[in-house]
Amino acid sequence: MSGHVLPLRVYYSVFGALLVLTAVTTWIAYLDLGAWNTPIALAIAGFKVVLVVLYFMHVRYSGKLIWVAVVASAYWLLILFGFLMADYVTRQPIDGWTAPIAW
Amino acid sequence: MSDSHTTAARGPLDHHFETLEQQNETCSIGMWAFLVQEVMFFGGLFACYIVFRYVYPEAYQWGSDHLDVKLGTFNTAVLIGSSLTMALGVRCAQIGQKGRTAGFILLTMLLACVFLGVKWVEYGHKFHDGLIPGVAWDPGPGAPNGSRTFFGLYFAMTGMHALHMIVGLVLMTFVAVRSLRGRYSPQNYIGVEVLGLYWHFVDLVWIFLFPLLYLLGRHAGGGH
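Residue numbers (the numbering used here), protein chains in the order written: chain A, 44 to 146; chain B, 112 to 335.
There's no promise every hint is true.
[What the hints assert, rightly or not] Some chain B residues judged to face chain A by a derived CB distance under 7 Å, without partners named:
1) 130
2) 143
3) 153
4) 182
5) 184
6) 189
7) 207
8) 208
9) 247
10) 311
11) 315
12) 319
13) 326
14) 329
[Said to hold, decoys possible] Which bits of chain B does chain A cover? Going by a derived footprint, with three or more residues having C-beta under 8 Å, they are:
15) 210–224
16) 253–259
Hints in this document: simulated from the structure, not taken from any laboratory.
None of the values given here were measured: they were computed from a predicted structure.
Idealized CB from N, CA, C, for every residue including glycine.
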């Protein structure tokens, strides 16, 4: 929040890029890429998020404290997902509960 | 008491801040702290999604094939559009165009209503198809084990997202009125700025929800 006024074309370019990426991700979803469909969809979504955070939310022009907040939230989210799945994927089937090993 | 301490002289600066810059930074970091909390809140829902997707891959495939990709894609575009109008509204506030700020916020609200309207239609279809766990659950034969979990998560995640949009509509009304009353200026538009942050966050959640719910099983030939 530095009062930095961005030129209009920045907003229109980001908007255009977001629409194109939405079309691309929908198109790719119909192609059979095996195990790669979900990682590619997540990569595109991640790129869209970075565009929104940097330009629409002005983080690119914000102070270090804001950067810390943004990076910390992503990092803590990865800790949550990472440790949770580290538990699930390393469990052995238990009697009466059979989780299919999907990968 | 000197003039600098009277309300009029201090203008938009609240009494417990030294400078406008300090006040703006405090508001900004306050909203970001809230958004980090929101990331963890939705993170919990996404964590549920990941675990059950690992446990019931067939049910996710089946469930995703019962969602409407056309409406989902349309809504994604609408929400991205609303993020653009919100960003433009904040920009107008930065350069002191009060009427235009309110206009862009109104446009954002209109797009939000379109999104919620489409969601309403989609929920109606799910009701008709018997795909609402606990309310109207009759998916017919062939629904794999875990489909109820998938739709439970679908409604929890999209419902929480929609609730955030409704809260956003209330906040936008508030800020649009304040803008028309001239409460913001190029030196003090932090209220509009943090409203924008909130709205873009709602957009971010949908950017992940759309591929994870609507698109996950398309390549396997779900024709809807």
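Now the hints, each set against the structure:
1. 130: violated (13 Å)
2. 143: holds (4 Å)
3. 153: violated (9 Å)
4. 182: violated (12 Å)
5. 184: Where the cut-off is 7 Å and the nearest Cβ of chain A is about 5 Å from residue 184 of chain B, the hint holds.
6. 189: violated (11 Å)
7. 207: Result: violated, 11 Å to nearest chain A Cβ.
8. 208: violated (11 Å)
9. 247: Since chain A brings no Cβ nearer than about 28 Å to residue 247 of chain B, farther than 7 Å, the hint is violated.
10. 311: holds (5 Å)
11. 315: Residue 315 of chain B check passes; min Cβ-Cβ to chain A is 5 Å, inside 7 Å.
12. 319: holds (5 Å)
13. 326: Where the cut-off is 7 Å and the nearest Cβ of chain A is about 4 Å from residue 326 of chain B, the hint holds.
14. 329: At 4 Å from the nearest chain A Cβ, residue 329 of chain B passes the 7 Å test, so the hint holds.
15. 210–224: That given contact is violated, which follows from only 0 residues of the stretch 210–224 of chain B lying within Cβ reach (below 8 Å) of chain A.
16. 253–259: violated (count 0)
Of the numbered hints given earlier, the model fails hints 1, 3, 4, 6, 7, 8, 9, 15, 16; all others are met.
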